[in-house]
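Under the numbering used here, read the sequence shown as residues 1 to 155, first letter to last.
Treat the hints as calculated values from the structure; they're not laboratory data. Heads up, a few of these hints could be off.
[What the hints assert, rightly or not] Straight-line distance between alpha carbons at most 16 angstroms, and here's what the computed EDC-like set of lysine to aspartate or glutamate pairs gives:
no.	residue 1	residue 2
1	Lys80	Asp43
2	Lys145	Asp43
3	Lys125	Glu147
4	Lys29	Glu56
5	Lys29	Glu18
6	Lys146	Asp43
[Said to hold, decoys possible] Ranges between beta-carbon positions, derived for each pair:
no.	residue 1	residue 2	range
7	Asn129	Thr73	32 to 42 angstroms
8	Glu140	Pro115	14 to 24 angstroms
9	Asn130	Val38	32 to 42 angstroms
10	Ile109	Ile62	13 to 23 angstroms
11	Glu58	Gln81	31 to 41 angstroms
12	Asp9	Asn60	13 to 23 angstroms
By construction, the Cβ of each residue, glycine as well, lies at the ideal position given by its N, Cα and C atoms.
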Amino acid sequence: MTELIIGSDGFIGGRLSEIIPEAETTTIKTLNLLSPGVIPQADVVYFCASVTGFKECEGNHIAYRTNVDGTLTVIRQLLKQGSFVVWLSSCASEWSHSAYGLQKSLVEIAIQMIPNTAIIRAGGKVTSNNVTDLCWLMTEVGRNKKEGITLWNVS
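Could you put together the complete structure from these sequences and hints?
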């Protein structure tokens, strides 16, 4: 099985790239979601890339285009290639009063019923103490091709 991590330069994607053996995975540290070009084909893709943070997204048209339009464009491309896509969301998707939460929510709505997609909604603050647990959950969902929304809550 081939695996691809998009956004491996971020906190969660970086930890995920440490967990998956290098021989089995390809990583894309930075990808322009608005103009992605050719994306390597993989059986499972862990999509961790986005403009993150409430302040960074508020009133930022480029963040919206990246997090919603760009994300959906890349996911469509990956699905056409036959990949199973695990997309990392956030409990902020339930807080539509923030731009970041609205952006996450819009992508969840768009992909939640599409075959070969999974959404991991991280609940609570992801820290160095719990990021490994989240990454293991992502790999379990991806490798078992468990479609739908999986909630991960910080304990």
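Tested hints:
The straight-line distance between the Cα atoms of Lys80 and Asp43 is roughly 12 angstroms, inside the 16 angstroms bound, and the hint therefore holds. Proposed proximity of Lys145 and Asp43 is supported: the alpha carbons are some 10 angstroms apart, at most 16 angstroms. Our distance criterion of 16 angstroms between C-alpha atoms is broken by Lys125 and Glu147, whose separation comes to about 24 angstroms. With a C-alpha separation of about 19 angstroms, the suggested pairing of Lys29 with Glu56 is violated against the 16 angstroms cut-off.
Annotation: proposed proximity of Lys29 to Glu18 holds, straight-line Cα distance about 13 angstroms (limit 16 angstroms). For the proposed pair Lys146 and Asp43, the alpha carbon gap of about 13 angstroms is at most 16 angstroms, so the pair holds. Evaluation of the 32 to 42 angstroms hint for Asn129 and Thr73 yields a pass: the beta carbon distance comes to about 34 angstroms. Restraint check, Glu140 to Pro115: a C-beta distance of roughly 19 angstroms satisfies the suggested window 14 to 24 angstroms.
Under the hint 32 to 42 angstroms, the C-beta atoms of Asn130 and Val38, about 35 angstroms apart, fit the expected range. A C-beta distance of roughly 21 angstroms is found between Ile109 and Ile62, which places it inside the suggested range of 13 to 23 angstroms. Distance hint check for Glu58 and Gln81: the Cβ-Cβ separation is about 34 angstroms, which falls inside the suggested range of 31 to 41 angstroms. With their beta carbons about 20 angstroms apart, Asp9 and Asn60 fall inside the hinted range of 13 to 23 angstroms.
In this structure, the hints that do not hold are numbers 3 and 4, in rising order.
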